[in-house]
Each structure stands twice: as structure tokens, then as C-alpha cells.
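Visitor: Construct the complete structure from the given sequences, taking the supplied hints into account.
Spelled out, the chains give:
Number of protein chains: 4
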Amino acid sequence: MLKVALLGAGRIAQVHARHIHDHPDTTLYSVSDIYAEAASTLAEKYAARVLSADEAIADPQVDVVLVATSTDTHAGFSLQAARAGKAIFCEKPIDLNIERVKSCVAEIKALGVPFMIGFNRRFDPNHAHLNRALRGGEIGELEHLQICSRDPSPLPDDYLLVSGGMFRDMTIHDFDMARFQLGEEPVSVSAIASALVSPTVKAAGDVDTAVITLQTASGKIAVINNSRRSGYGYDQRIEAHGQKGCLYVHNVPTTTLVKVTEEFGAQAQKPLHFFLERYQEAFSEQWKAFVAALKDNRPVPTNADDGLRALLLAEAAIESFKTQKVVSVNLEE
Amino acid sequence: MLKVALLGAGRIAQVHARHIHDHPDTTLYSVSDIYAEAASTLAEKYAARVLSADEAIADPQVDVVLVATSTDTHAGFSLQAARAGKAIFCEKPIDLNIERVKSCVAEIKALGVPFMIGFNRRFDPNHAHLNRALRGGEIGELEHLQICSRDPSPLPDDYLLVSGGMFRDMTIHDFDMARFQLGEEPVSVSAIASALVSPTVKAAGDVDTAVITLQTASGKIAVINNSRRSGYGYDQRIEAHGQKGCLYVHNVPTTTLVKVTEEFGAQAQKPLHFFLERYQEAFSEQWKAFVAALKDNRPVPTNADDGLRALLLAEAAIESFKTQKVVSVNLEE
Amino acid sequence: MLKVALLGAGRIAQVHARHIHDHPDTTLYSVSDIYAEAASTLAEKYAARVLSADEAIADPQVDVVLVATSTDTHAGFSLQAARAGKAIFCEKPIDLNIERVKSCVAEIKALGVPFMIGFNRRFDPNHAHLNRALRGGEIGELEHLQICSRDPSPLPDDYLLVSGGMFRDMTIHDFDMARFQLGEEPVSVSAIASALVSPTVKAAGDVDTAVITLQTASGKIAVINNSRRSGYGYDQRIEAHGQKGCLYVHNVPTTTLVKVTEEFGAQAQKPLHFFLERYQEAFSEQWKAFVAALKDNRPVPTNADDGLRALLLAEAAIESFKTQKVVSVNLEE
Amino acid sequence: MLKVALLGAGRIAQVHARHIHDHPDTTLYSVSDIYAEAASTLAEKYAARVLSADEAIADPQVDVVLVATSTDTHAGFSLQAARAGKAIFCEKPIDLNIERVKSCVAEIKALGVPFMIGFNRRFDPNHAHLNRALRGGEIGELEHLQICSRDPSPLPDDYLLVSGGMFRDMTIHDFDMARFQLGEEPVSVSAIASALVSPTVKAAGDVDTAVITLQTASGKIAVINNSRRSGYGYDQRIEAHGQKGCLYVHNVPTTTLVKVTEEFGAQAQKPLHFFLERYQEAFSEQWKAFVAALKDNRPVPTNADDGLRALLLAEAAIESFKTQKVVSVNLEE
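Residue numbers (full-length UniProt numbering), protein chains in the order written: chain Z, 1 to 333; chain V, 1 to 333; chain W, 1 to 333; chain D, 1 to 333.
It cannot be assumed that every hint is accurate.
Pairs involving identical chains hold if they fit within one copy or between any two copies, as the list cannot separate such chains.
Unchecked claim - Lysine to aspartate or glutamate pairs mimicking DMTMM-like chemistry, simulated, CA-CA at most 20 Å apart:
id, residue 1, residue 2
1, Lys202, Glu141
2, Lys3, Glu55
3, Lys92, Glu315
4, Lys295, Glu285
5, Lys244, Glu263
6, Lys288, Asp22
7, Lys202, Glu37
8, Lys3, Asp59
9, Lys109, Asp305
10, Lys244, Glu262
11, Lys325, Glu315
12, Lys45, Asp25
13, Lys295, Glu319
It is worth saying that the hints were derived from the structure and are not from the lab. All figures in this text were calculated on a predicted structure; none of them were measured in a lab.
Guide: Written out as C-alpha cells, the structure is:
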């Protein structure tokens with residue numbers, strides 16, 4: 001039974017706590033949070049103890065440190081846990097500063113501890129099914145990939161302003177998804193974007209509506225479309241076109257009820273509201289995959305390099321947007 | 001070029017006129033109608049002449065008589081045309097009186113002229129595709145057939161009162177469809193019905209909502225559900241369940257536009273409004289099939305017996321509804 | 001925290017054990033099974049004790065007895081638990097013998113203990129959504145209800161032979177669903193059926209393919225279609241037609257992946273395989289609803305009368321099938 | 001009755017001939033083609049005469065000249081007809097050389113004759129429905145438009161080599177569609193492309209797989225994805241995202257038949273095969289719209305400027321692809 005120290009007691013940490021508890025091979029050992037009450041409420045629910053982050057990381061009983069705190073502390077806690085020899089699961093991103101990410105990734109790799117970054121969407125049963133179909137050659141060689149990723153509505157202004165901007169905060173999931181599904185690294189990035197949704201975003205010089213195009217060395221093209229507000233829930237779809245056909249991942253409706261009336265036509269349900277609903281199973285599957293890798297001494301499915309490379313693509317997108325040019329990237333150097 | 005005398009100038013006759021004109025091997029020779037103006041308007045549109053029905057049937061130039069007049073004249077005009085040696089296309093039903101239908105069918109068969117009854121739905125590309133798939137064994141042996149047939153709204157009261165009742169007027173299309181898709185004659189009929197939609201229908205002792213179940217000698221079951229009012233357009237769907245799977249014919253939406261909004265979910269378009277829209281192509285294909293049979297001296301696809309047998313099923317349904325029992329039928333005697 | 005004694009350790013019992021464990025207000029106190037090893041394996045997983053059924057029912061610590069044993073023991077254990085003053089959750093059916101069910105229901109009602117029968121499908125989010133929409137008047141007065149309920153493949157022969165026959169074993173769920181969605185008791189039952197799927201079933205004089213039609217006093221019609229083998233997974237759909245439109249509950253696909261190819265068209269995924277997959281969430285919601293009713297001292301959502309009435313409809317269907325007549329029922333006497 | 005001189009007797013000309021014949025207000029007066037036999041076959045079918053193009057354009061009986069010859073003759077015949085004072089319907093493109101198009105458009109506009117360019121897709125009932133919904137404000141202000149336009153398989157090599165390249169030949173339809181749906185002119189163009197499908201295309205330095213991104217002055221973004229080969233038929237879909245929701249135009253399946261089996265899941269039909277099938281109704285509606293404009297003395301719906309502007313966008317896409325930069329355009333100068 002692996003003992004897990006959970007750093008953070010917020011929304012995502014609560015999701016992780018539940019999956020740690022439900023998993024037959026892991027137990028929630030401790031919860032740490034700068035808000036003592038949040039930590040104790042969560043700890044109590046699963047009969048865990050409350051520790052400071054330092055205590056938890058130092059505790060010899062702890063096998064795994066799960067970093068689900070605020071973004072600016074991810075790199076620090078990860079390094080501290082790595083130096084203490086713990087296995088680490090870290091929510092994305094490692095950091096918003098690319099140089100800090102590079103040095104952090106280098107040190108973690110040198111220390112040789114298992115480190116998994118939380119790109120949960122890869123573990124969504126629908127996206128994972130697409131990946132198996134692509135790798136299984138069901139449509140031959142992939143040629144064109146299209147990722148639609150649109151939030152139901154803009155997150156709060158104070159979050160948006162410290163988020164690192166749309167490309168680093170939101171598109172980063174889609175950069176990882178593109179790499180996952182392409183099966184080949186992008187070599188160029190091109191970004192067209194506007195601020196159409198949020199006056200706050202616009203005033204801050206950021207964007208909230210974007211189309212980002214990636215191209216690989218063999219000529220495969222991936223295009224991501226993002227918006228901070230869909231106007232109809234969480235839009236998370238993928239299309240993959242290949243030599244022998246096409247694969248779609250559709251949204252998941254809240255229920256399968258359809259109403260047909262004279263006035264409104266055939267009304268199906270909207271997609272599941274947001275990531276906690278749509279990716280509920282993905283979070284659970286992600287934890288299982290991490291635990292299975294630890295138990296079998298296999299590489300974790302999404303490692304430190306995956307965290308770094310998604311951020312490198314975000315940096316390139318920002319440069320492309322600013323210079324109005326296609327920007328070359330080399331993710332493998 | 002086959003010369004066609006069209007009896008009738010109403011809504012259905014106008015549809016036929018267009019398909020006669022469009023077909024490269026047929027020409028509209030004459031139009032007859034008890035309303036002189038209706039006849040002349042339609043005749044003028046396609047450069048045809050106006051004749052009385054008697055003149056048209058007697059005219060040696062005429063190859064084909066198309067009977068699209070009111071129901072009570074179908075049998076009379078058909079017999080008159082058969083005696084004149086013409087090929088006949090007659091709109092359903094031959095008559096509402098089963099004895100009259102039997103004697104009419106017997107005489108027409110004895111005269112040996114080509115006679116096709118207008119069960120247009122068989123020629124709908126969707127229903128026809130289902131039929132090819134069933135006959136091709138795509139789901140193995142058929143076991144359960146389900147026909148949904150619901151009108152957008154009740155026809156006018158004066159029509160409903162002379163229609164012969166729901167089973168003879170509306171279900172008759174579905175009885176023919178059941179026979180077409182089953183590929184085996186029903187041996188029993190059971191009908192459960194209510195008058196829920198139209199006070200006129202209820203006052204007249206008729207029904208407007210029904211479930212009719214047919215069973216064949218080998219045990220195949222077909223169930224038809226009917227309503228005089230769907231509340232959302234014309235509902236014309238079929239399900240066929242067999243040993244190896246299931247086949248559906250879905251409705252055809254007016255366009256493929258789908259709107260997704262926070263308030264109303266994912267709204268697709270309603271089905272095509274009524275039979276003129278949904279079965280537009282069926283009427284055209286039906287005419288082509290009739291002409292092809294005439295040209296090749298092959299049997300017509302829907303003959304006088306098909307007209308009789310559908311009506312025999314309607315009579316059995318009426319008896320079942322009245323006696324609350326399953327009623328046996330022998331369509332092949 | 002309610003302490004639950006689980007009688008049975010088979011497939012369904014294991015599902016209940018998990019939901020008892022996951023629910024914040026219930027704990028798995030004991031497991032009982034005639035196979036000692038099954039009981040101990042399940043008990044160990046959730047740190048519960050192994051007791052005999054008699055011990056468990058007699059144990060003063062136990063608040064709730066959950067009966068998930070073989071059908072022939074349901075009535076006996078339920079009565080024993082009722083006499084011991086426990087709240088009871090009993091898997092359907094109470095018994096296959098209608099007289100035994102009547103006397104059992106009478107005694108349980110007289111004892112006044114909470115008794116819930118496991119008609120889990122009512123708690124499926126899709127079917128429950130339909131029910132809210134119907135009760136909320138979204139399509140006006142309901143007129144026609146259609147339940148499609150088809151198993152992926154016949155259960156093992158030895159199960160089929162002791163199941164009490166298709167109407168009592170399989171259709172019983174659909175009878176309950178019909179009552180739930182109609183919101184009005186059926187007054188007549190008509191059944192047409194065949195043995196097309198299983199030679200064992202046929203040899204035993206039972207059926208495996210059926211259409212059952214119910215009618216209420218106000219004329220609403222419900223039609224159920226059943227098969228012991230769909231050929232494509234678990235088919236669990238409902239259509240409800242009313243004055244102002246139509247509501248469908250569609251199947252739930254395994255994932256939302258769709259593949260489009262030249263050879264095979266647009267392939268979507270099959271429905272979820274069988275009841276453990278499709279009704280996974282329904283079992284969890286059912287348990288929550290039971291616990292909520294106990295906590296709030298409210299009536300349970302599916303009570304002993306629901307168990308009895310579904311079986312009365314099954315008996316009427318059997319009689320209708322044998323006599324080839326519509327059979328009247330009075331569920332409220 | 002407008003008399004139409006049809007220049008050309010090939011595939012598209014035959015489609016036009018049929019719609020000219022079917023329209024109550026137009027008649028096919030003459031057919032001209034460099035292949036005498038093609039001209040006479042088509043003329044005979046509709047009882048028209050065969051004339052040389054010069055004779056037809058000079059004939060005082062002719063009201064309308066329909067140019068459906070090879071691309072290199074479009075501009076010449078259009079100018080000749082304009083100078084003869086005829087109304088003109090010209091298949092796209094006016095020419096592949098942008099300077100020639102500019103001078104041709106200028107002269108035609110100066111002559112003041114009605115000139116319609118054949119951007120048939122605007123008249124597809126599905127795309128037209130989208131346009132009405134957008135202009136009607138059904139999703140508020142449009143923000144992101146996505147056009148999927150993929151051919152079933154590459155056209156013959158000899159066609160591809162003289163087509164002017166993918167952007168001028170294929171994307172030109174999508175540039176027009178983008179302008180139509182955006183309701184605002186693009187001000188910049190960005191193109192990423194590869195040659196993945198056709199060795200001939202690759203050897204010729206052309207591309208067959210592309211993503212083109214347009215942006216308007218107000219920040220709206222349109223993205224077009226093209227391929228010369230979809231692998232599953234003709235993929236013609238549009239998505240429009242706005243402030244209050246999203247609108248999709250889906251493909252049109254060949255029939256509504258769906259097959260569900262254990263082995264292959266739920267198979268729906270492929271999209272209609274290619275433009276003659278998918279845009280059959282669009283060609284008919286296009287002709288009706290042209291005739292209606294002529295009769296009512298209203299501007300034609302797609303004029304010479306529309307032809308020019310789509311080509312200007314193609315030129316910009318080519319430049320962007322070559323320079324790897326975003327290219328500014330000013331379509332209104």
C-alpha cells in the first residue's frame with residue numbers, strides 16, 4: 001500500500017484525494033495546505049493526518065508526494081520531494097517560467113525519481129480510445145489533427161491575470177494532446193489570436209480566442225482552436241484525418257435524453273459542463289496509470305519532458321503571435 | 001414514349017404530373033378532373049390536353065391511365081381502364097369496401113393488364129435501403145420489426161370522417177411496409193387503440209392512437225405505432241432486429257444544421273414536415289419503377305394483391321380492436 | 001452511520017458492497033453467503049465481518065439488511081429481517097410465486113419497516129431525466145410510451161430454466177419502468193411472443209422475443225419489446241410521445257469515438273455491454289435514494305407494492321399470451 | 001421565358017442544362033462545345049440547337065450566356081457576352097491569372113450587364129440555413145468559423161497539373177464560403193500546407209493538405225482545412241462559434257440507415273459522395289436565385305467582385321505559404 005502525501009486541499013486536490021482513497025493500492029497518508037481548515041476538512045474525510053508540506057515531504061513513511069498546490073509552488077515542492085527520494089505526481093504546469101522548468105526538469109531527471117505530470121486528458125476514455133485507434137493504424141498514416149478546446153466561460157479575472165496567458169495556461173493541455181495523438185514532434189508553430197471575450201484579458205494584452213497550427217517534419221498538420229468561452233458548456237472534441245479515413249471524438253452529453261417538438265426541433269443535451277465532469281474518469285484513470293507504473297517499475301506515461309515540451313510549444317505560439325511568423329521549434333534537443 | 005392519361009388534378013396528381021414530365025420515357029397526354037379549372041391549370045403547365053375521364057380512358061393514344069382521383073372512384077376507373085386494355089397506376093386504396101376490392105382485383109387479374117397500386121413508401125431510398133439490407137442477410141434472420149408512423153397533425157375533420165377509419169386510411173401504408181420488410185406474410189393481427197387526439201374522431205367511434213402487432217408463421221413479430229398527431233412533424237422510422245444485429249431507418253431532418261446553446265442544448269432540425277416532403281423522392285422512384293416494369297414486360301413491384309392484402313390486415317385490426325382478441329388471417333388463400 | 005448486513009456475495013452483492021462503502025453515511029458491517037469463501041473475500045475487501053444470514057439479521061448492531069441472495073430466498077430473508085425490525089433493501093423479485101409475494105408484501109406492510117425493492121433502472125440518470133421531463137409536462141399529456149429492452153445474449157441455460165420465464169424475469173423491469181414513466185396504472189395487458197433465440201427456452205415452452213402492450217384507463221398505451229438476444233449489446237431505450245412532442249432516451253455508447261471510412265461508413269460505438277456497465281450509476285443512485293429516504297424518514301422510492309404490481313403485470317402477460325386475448329388488471333385493489 | 005445559350009457540354013454544363021430546362025422561366029436555347037458530338041447529344045436531349053460559341057453570343061434571341069467551358073476560356077467568353085449585352089452566368093473561376101481577373105471584372109462592371117459567378121455552395125440548403133441563422137443573430141456575434149472541405153480522392157493528375165494549384169482551384173470555394181458566413185472581409189491570411197496525398201502534386205511543388213487561417217479587422221477568425229483526399233467521401237462541414245453558442249453544418253448521409261452489430265458497432269452511412277451529389281440542390285437553387293435577380297432587376301447574389309476577392313485570398317495564401325508569414329490583404333480597395 002503506497003502512502004501518499006497530498007500537498008494542497010483545493011478543488012483538484014479533493015479530486016485526487018478521492019481517487020487515492022478508492023484505489024486498492026494507495027492510501028491518503030496526509031494532507032497539507034496553507035489554509036489549515038481546508039487541510040483538516042479534507043484529511044478528516046479520509047482519516048488522514050494534517051502535516052505541513054515540509055513535514056510531509058520529510059516523513060519517511062511517505063512513498064508518494066502529490067503536488068496540487070498553486071502553480072508557483074509546483075517546481076519548489078517537486079524538487080524538494082525529488083531530493084527526499086519520493087515518487088512525485090505534479091499537477092501541470094511545472095512552472096510558468098521556461099528557464100525554471102528546464103532547470104527543474106534537469107535536476108529531477110538527474111535524481112532519477114519517478115515524476116509524473118498531470119496531463120489528465122490523455123486518460124479520458126474517449127481520447128485514449130482515439131489514441132489506440134491511431135497507433136493501431138485504423139486510418140493509416142495520420143495527416144491532419146484538429147483539436148477543439150473551449151471553456152464554458154472565462155475563469156475569474158484574478159485567475160486570468162496570473163495564469164501566464166492563454167497559451168501557457170489553457171492551450172498547454174492541447175499542445176500535450178497534439179503531441180500525444182500526432183505521435184511525432186511538431187517542428188513549427190503558428191498562432192493567430194484575438195481578444196473577443198473578456199475585456200480584462202484584452203486590457204492585459206492577452207488573448208482569449210485563438211487558432212494555433214503545428215506542423216511536423218513529415219508534414220502532418222495539427223490545428224487547435226481555443227476560446228475562453230464557448231457559450232454552451234465545455235467543448236472538447238478531436239478530429240483525426242488519415243490516409244484511410246477519419247476519427248472523431250465527440251463531446252459527452254449530460255444525459256442521452258432528446259426532445260423533439262414543433263417549436264424547437266430535436267434537442268439533445270449539452271456537453272458535460274466543465275473539466276470536473278468531463279474528465280472525472282480521466283482523473284481516476286490517470287491515478288491508476290501512475291500507480292501501475294510505480295508498482296511495475298515502468299516509466300510513467302507523462303513525464304517531466306512532456307511538461308517541458310508542452311511549455312516550449314506555448315512559448316513558440318506566443319512568439320508566433322507577436323511576430324506574425326511561423327516559428328520553428330526543436331523539442332528533442 | 002408512353003402517353004399517360006392522368007385522372008385527377010389535386011395535390012397527389014400534381015406530384016405525379018411532374019414525375020411523368022421529368023421521366024424521359026413518359027409524357028403527360030391528358031388531365032381529367034371534375035373541377036375543370038384544376039384540370040386546365042395542370043394541363044397547361046405541361047402542355048397536355050384536358051379530357052373527361054371517359055374520353056381519356058377511351059382514347060386509343062393513351063398507354064397508361066393514372067388514377068389519382070377521390071378514393072370512391074379508384075375501383076371504377078381502374079376497372080374501366082383495365083377493360084380498355086390500358087396499363088394502370090392506381091393510388092391506394094383500391095376501395096374501402098373489402099368485398100368491392102376483392103371483386104375488382106379478381107377482374108383486373110383476369111384481364112391481365114399491368115396494374116400497380118401506389119404504395120410509394122417502399123420506394124423511399126431509406127426504406128428501400130433497409131429492404132436491400134434485410135434481403136441481403138445483413139442482420140441474419142429478421143425477428144422483430146418496428147414501424148413508427150405518426151402524422152404531424154390530424155387531417156381536416158371532413159376528411160377523417162370519410163377516411164374509412166385510421167386502420168384503413170393510415171395504417172394501411174404501414175401494413176404494406178410490414179409485409180415488404182418482413183418478407184413473410186402475417187398470420188395474426190392484434191390491435192390496441194385509443195382516441196386521444198381528435199374529439200371528432202372520438203365522437204365518430206374511431207381511434208387516432210394505436211399499436212398493432214402482427215406475427216408470422218415462423219414467429220417474426222412486427223409492431224406498428226400510429227398517431228394522427230406527433231406534435232413535431234412527420235415521424236417515419238423503422239427498426240428491424242435480427243439474429244446478428246439491428247437496422248434503423250431514421251427520419252430525414254430538414255437541414256443538417258445543429259445549434260448548441262447554454263439555454264436549449266444541441267438543437268437539430270425537425271424531420272421533414274409531411275409526406276410530400278419526406279416521400280418526394282419516393283414518388284419519383286415509384287414512377288421510374290412502374291415505367292421500367294412496363295418497358296421490360298416485368299411484373300410491377302406493388303400489384304393488386306398488395307392492395308388487397310394490406311386492406312385485409314386493416315379489417316383484421318378492426319376486428320381485433322373490437323373483440324379484444326388476436327385475429328388470425330390468411331392472406332395467401 | 002448506518003450499518004448494513006449484506007446477504008449474498010455474488011455479482012450484484014459486490015456492486016452493492018462498493019456503493020455501501022463509498023456512501024458517506026453507510027458502512028458494510030457484515031457479509032453472508034452460503035459459499036464461505038465468497039463471503040470472506042468480499043468482507044475482507046471492505047474490512048467487514050463474515051456472519052451467517054441468521055446471525056446478521058439478529059445482530060442488534062445492524063440497521064439495514066440488504067437481500068442480494070438467490071431469488072427463492074428473497075421473501076424469507078425479507079420477512080425475517082422485517083420481523084427483526086430492520087430496514088430492508090431487497091433485490092427484485094420478492095418471489096416468483098404471486099401468492100407468496102402477496103402474503104409477504106402484506107406482512108411487511110403490516111410490520112411497518114422501510115422496505116425497498118431493487119428496481120435500479122428508475123435511477124439511471126437518463127431514465128430519471130425522462131421522468132422529470134414527463135412529470136414537468138415538457139411534452140404535455142403522455143399518449144404513447146415505448147420501451148426497448150433487449151439483452152446482449154441469452155443468459156446460461158440453467159439460469160433461464162429457473163428464471164420463472166421471460167415475463168417474470170426480464171419484462172418485470174420493463175413493467176416497472178412503464179408504471180414509472182406512465183404515471184398511471186395499466187388496466188389491460190396484451191402479449192404476443194415467440195421463441196426465436198434459444199432452443200432451450202423453446203423446448204421449455206417459454207419465449208425469448210415478445211411485444212407486450214399495456215393500456216391505462218385514460219387510454220395511454222405503452223408497448224414493451226423484449227429479446228433475450230440483441231446481437232449488438234444491451235439495448236435500453238425509451239420513447240415517450242405526448243401532446244406536444246416526443247422524448248427519447250438513447251443508449252449510452254462505450255466511448256464517443258466515431259470512425260468514418262470508405263468501406264464501413266461512419267462507425268459509432270456499440271451501447272454499453274450489459275446492465276453492470278449501463279446501470280453502474282443507477283445502482284449508486286439507487287443506494288443514495290434509499291439512504292436518503294431512511295435518513296429523512298420519507299417513504300422509499302420503490303416499495304413492496306411496486307414489487308407486487310410489476311409481478312401482477314407479468315402474470316397478466318402470461319395469461320394474455322396463453323389465451324390470445326387482452327387481459328384486464330386492477331393493480332390498485 | 002429567358003433563352004439561355006449554354007457554352008460547354010461537359011459534366012457541369014449538363015447539370016446546368018437540366019436546371020435551365022426544369023425552371024419554369026428559362027429555356028435551353030442552344031448548346032456550344034468544341035466537341036461537336038457532346039454539344040449535339042446534350043442539345044438533342046432538351047430540344048435545343050447546336051451553335052458555335054460565337055454564333056450563340058451574337059444571337060439576338062439569346063438573353064443569357066452561361067459559361068461552363070474550360071477555365072482558360074471563362075474570361076474571354078464572359079467579356080464577349082458582356083459586350084454583346086447579355087446577362088452572364090460564369091462558372092468559377094473567372095481566370096487563374098489575377099491581373100486578367102482584375103481587368104475582366106473592371107470591364108464587366110463598366111458594361112453594367114448582370115454577371116453572376118458560380119459559387120454554388122452558398123445555395124446549399126444547409127449552408128444557406130447557417131447563413132440565415134448567423135445573420136439572424138442566433139448565436140450573437142460570430143467569433144470563430146471553421147470550414148472543413150475535403151475531396152473524396154484526388155482528381156486526375158492532368159487536371160491537378162493545370163488547376164492553378166490547390167489554393168486557387170479548391171480552397172477558392174472555401175474562401176468564398178468564409179466571406180459569405182463571416183459577413184466581414186478578412187484582412188489577413190496565413191497558410192500552412194503539406195503534400196501528403198499525391199506524388200504528382202508533390203513533384204509539381206504544389207500541396208494537397210492545408211490549414212488556412214483568416215482574420216478580420218474586428219478579430220473574427222476563420223480556419224479552413226483542405227485535403228485532396230478524405231478517404232471516406234466528400235467532407236463538407238462548417239462550424240460557427242459565437243457569443244451565445246455554436247452552429248454546425250453536418251454532412252448529408254446517403255441514406256438514414258444505421259446498422260448496429262456486435263462486430264462493427266453502429267454504422268451510419270457515409271456522406272454523399274462528391275459535389276454532384278452533395279450540391280445537386282445547390283446548383284438548382286443557384287439557378288433559381290440568378291433568374292429571380294434577373295427578373296426582379298436586383299443585383300445577383302454572387303457577383304464579379306466575389307470572384308475577384310476569393311482569388312485575391314488565394315494569392316495571399318500562396319504568398320503566406322511561401323514566406324511563412326501572415327499576409328495582409330485589402331479586399332475592398
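Visitor: Could you run down the list of hints and mark each one as holding or not?
Guide: Hints versus structure:
1. Lys202 with Glu141: Between copies only: 17 Å across chains, 40 Å inside a chain, cut-off 20 Å.
2. Lys3 with Glu55: within (14 Å within a copy, 36 Å between copies)
3. Lys92 with Glu315: For Lys92 and Glu315, only the intra-copy Cα distance (15 Å) is at most 20 Å; the inter-copy one is 42 Å.
4. Lys295 with Glu285: within (15 Å within a copy, 33 Å between copies)
5. Lys244 with Glu263: For Lys244 and Glu263, only the inter-copy Cα distance (9 Å) is at most 20 Å; the intra-copy one is 40 Å.
6. Lys288 with Asp22: both (10 Å within a copy, 18 Å between copies)
7. Lys202 with Glu37: Classified as neither: same-chain Cα gap 36 Å, cross-chain 64 Å, threshold 20 Å.
8. Lys3 with Asp59: within (10 Å within a copy, 35 Å between copies)
9. Lys109 with Asp305: Answer is within; shortest intra-copy Cα gap is 9 Å, inter-copy 60 Å.
10. Lys244 with Glu262: Result: close only across copies, 7 Å inter versus 40 Å intra.
11. Lys325 with Glu315: Answer is both; intra-copy 13 Å and inter-copy 18 Å each pass.
12. Lys45 with Asp25: both (19 Å within a copy, 12 Å between copies)
13. Lys295 with Glu319: Close neither inside one copy (41 Å) nor across copies (54 Å); limit 20 Å.
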